[in-house]
Amino acid sequence: MEITVKLFAMFRVGRFAAGTYKYRDGITPADIAGELKIPEKDVGIVLVNSRHAKLDHRLFEGDTLSLFPLVGGG
Amino acid sequence: MDKIIRVNMADLSTRIEAVPAEWAGLGGRGLTSTIVAAEVPPTCHPLGPSNKLVFAPGLLTGTPAANSGRLSAGAKSPLTGTIKESNAGGTAAQMLARLGIKALIIEGIPKADTWYSLHVSMDGVAVQEETELVGKGNFAVIEALEARLGKKTGILTIGPAGELKMTAANISVKDPDSKIRSHGRGGLGAVMGSKKIKFISINDEGAPKVPIADPEKFRTASRAFAKALLDHPVSGEGLPTYGTNVLVNILHEAGGLPTRNFTAGQFDSHDKISGETLHETIAARGGKTKHGCHAGCIIQCSQVYHDKEGKYVTSGFEYETIWGLGADCCVDNLDDIARADNLMDDIGIDSIETAVMFGVAMEAGILPFGDGKGIIRLLEEEIAKGTALGRILGGGAGSVGKAYGVTRVPVVKNQGIPAYDPRSVKGIGITYATSTMGADHTAGYTIATNILNVGGFVDPLKKDGQVELSRNLQIATAAVDSTGMCIFVAFPALDIPECLPALIDMINARFGISLTGDDVTNLGKYILKTERQFNIAAGFTSEHDRLPEFFKSEPVAPHNAVWDFSDAEIDEFWNF
Chain A
19 MEITVKLFAM
29 FRVGRFAAGT
39 YKYRDGITPA
49 DIAGELKIPE
59 KDVGIVLVNS
69 RHAKLDHRLF
79 EGDTLSLFPL
89 VGGG
Chain B
703 MDKIIRVNMA
713 DLSTRIEAVP
723 AEWAGLGGRG
733 LTSTIVAAEV
743 PPTCHPLGPS
753 NKLVFAPGLL
763 TGTPAANSGR
773 LSAGAKSPLT
783 GTIKESNAGG
793 TAAQMLARLG
803 IKALIIEGIP
813 KADTWYSLHV
823 SMDGVAVQEE
833 TELVGKGNFA
843 VIEALEARLG
853 KKTGILTIGP
863 AGELKMTAAN
873 ISVKDPDSKI
883 RSHGRGGLGA
893 VMGSKKIKFI
903 SINDEGAPKV
913 PIADPEKFRT
923 ASRAFAKALL
933 DHPVSGEGLP
943 TYGTNVLVNI
953 LHEAGGLPTR
963 NFTAGQFDSH
973 DKISGETLHE
983 TIAARGGKTK
993 HGCHAGCIIQ
1003 CSQVYHDKEG
1013 KYVTSGFEYE
1023 TIWGLGADCC
1033 VDNLDDIARA
1043 DNLMDDIGID
1053 SIETAVMFGV
1063 AMEAGILPFG
1073 DGKGIIRLLE
1083 EEIAKGTALG
1093 RILGGGAGSV
1103 GKAYGVTRVP
1113 VVKNQGIPAY
1123 DPRSVKGIGI
1133 TYATSTMGAD
1143 HTAGYTIATN
1153 ILNVGGFVDP
1163 LKKDGQVELS
1173 RNLQIATAAV
1183 DSTGMCIFVA
1193 FPALDIPECL
1203 PALIDMINAR
1213 FGISLTGDDV
1223 TNLGKYILKT
1233 ERQFNIAAGF
1243 TSEHDRLPEF
1253 FKSEPVAPHN
1263 AVWDFSDAEI
1273 DEFWNF
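As you go down the protein sequences, you meet chains A and B in turn.
Counting along the first sequence from 1, when you hit position 13 you're at 31 in the numbering used here, and nothing is skipped either side.
Counting along the second sequence from 1, when you hit position 128 you're at 830 in the numbering used here, and nothing is skipped either side.
Any given hint could be a false lead.
[Unchecked claim] Straight-line Cα separation of at most 20 Å, SDA-like style, residue types lysine to any residue; simulated pairs:
1) A:K24 / B:N1155
2) A:K24 / B:S971
3) B:K974 / A:K72
4) A:K72 / B:N1155
5) A:K72 / B:G1157
What the hints contain is simulated information worked out from the structure, not anything from laboratory work.
Computed from a prediction, not measured in an experiment: that's the story for all the values here.
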């Protein structure tokens, strides 16, 4: 299945900003972070289709996954 | 010894007073709000003789405590009609604290049509006539005063917007690089202008160190506090690298980035104005990606932005400004936004109110959406010159909405709503509605917990837990605003158990007292209640704690969320 993955802030360094990739069924944000060599403890915010999700959320065909480190501002 | 300095502009007299016992434990917002509530008639005209402008450094300002250099300014606001505290970095707070000045209270209005300056030093405060710098922009004022009084001089100044008493006018504070930080919100620059004070210069030569009752205890606590700031990923890594503007992409992804005058929650060109792009642009052009707004800042979330030729354009270039002119006005050119930011600093006008105002002005048809050059032109040719149109624009979002018959005007208590859509980030909507200051994201920054997973997580799209979250954060923020601390210490304070006790220990060591966590919470509650009492006496009721109608009736994409709190649910906020 195809998932669009977006990376932000320091996660982009040495990786990519956004792309659509093929993944196996039942894959989770934790699995994708692992493939990208992003340590789980560094993942601050996970959004799936613009909603907050957990690292073990089950992804489906056509989903958009956004991964952020813990950042803030205002 | 700490003192209160009073200046009466009606007769140009000055007076030094001892600190009354009941003010001794207060600083920053706690002190400015207490003084305004005690001494300003709530129904007075904010630009009339009865209003007072109060400056107060925080409880820890002037000490070696990290990030403690913020100055509070307070008065009755000409923008909102409520009590107002607005705080800023820069160099003035630490100089006032070293001079032992707990508060500077400016009263009255001169009889003659003459402009003045105040000069604060070890000798007290001197009132002098000023002619040379009247009409000048803030950068020219700073340059001239450094030539006149020396490079180290601290400066608080108003630009043309303050002189013209525009209700979006701010008070500018010289920063460590002779650039500008601002008491942005609430039109306090117009209050300073009404008192005919162009600038306040400060010389702290000969001032002693700020006394610390228990230096050893202070050192220990101060180390633990600084460690917490550096250990937390937000204050220790994210903010120094990407600045506050890292939020553009996050709010876009979460669907809470107000776009095209609050008609959408996502901006197609978000990446062109994002923190990531800002960081790359600054690095490529030789600007500074890290910068502190005051000495002793270890977070360094600010930056210096250069143009394509490598020349300085602006600094202190914040998310709110970039969001407002960017997404809310649909301008996708960072160079145009940076130029406008510099102009707003020079004119002395709040960059949040003005950005929200331009969104309304575009809706009114004054400019097309996306017209960054048009924004620059209106700032230079209308607002800076105080033309008739310029005065309407300089009155902020509500002023333009009224003048042009616009119904989608994002304000609460007439203050422009900042960079988070309250329909899709509901906790911040409660803060906008109930803040004693009018719409103000910093009053209780629920974005931390709604969006950023700091201090836990409360789903931004659901109503559950939002009132309690906003209440707890507003109480804590009122207390933090009294310490002189940068509000970003809240990120580690929410997540790292050692952080808040270290902050309390520093206050205890500074004054030789023994505050507990409960005392700090009670201070926050006291401040909010004092401010609300002033507002009630000024004519405000629960009916003013509401968001504009369109948030209820216009769903916002991508979540098609609406503002769905009942009045009774909002009013629960004040049950403490």
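Now for the hints, and whether the structure bears them out:
1. A:K24 / B:N1155: Between A:K24 and B:N1155 the Cα gap is close to 18 Å, so the pair holds against 20 Å.
2. A:K24 / B:S971: holds (15 Å)
3. B:K974 / A:K72: violated (28 Å)
4. A:K72 / B:N1155: holds (11 Å)
5. A:K72 / B:G1157: Answer holds: A:K72 to B:G1157 is near 16 Å, not above 20 Å.
Violated hints amount to a single one, hint 3; each of the other numbered hints is respected by the structure.
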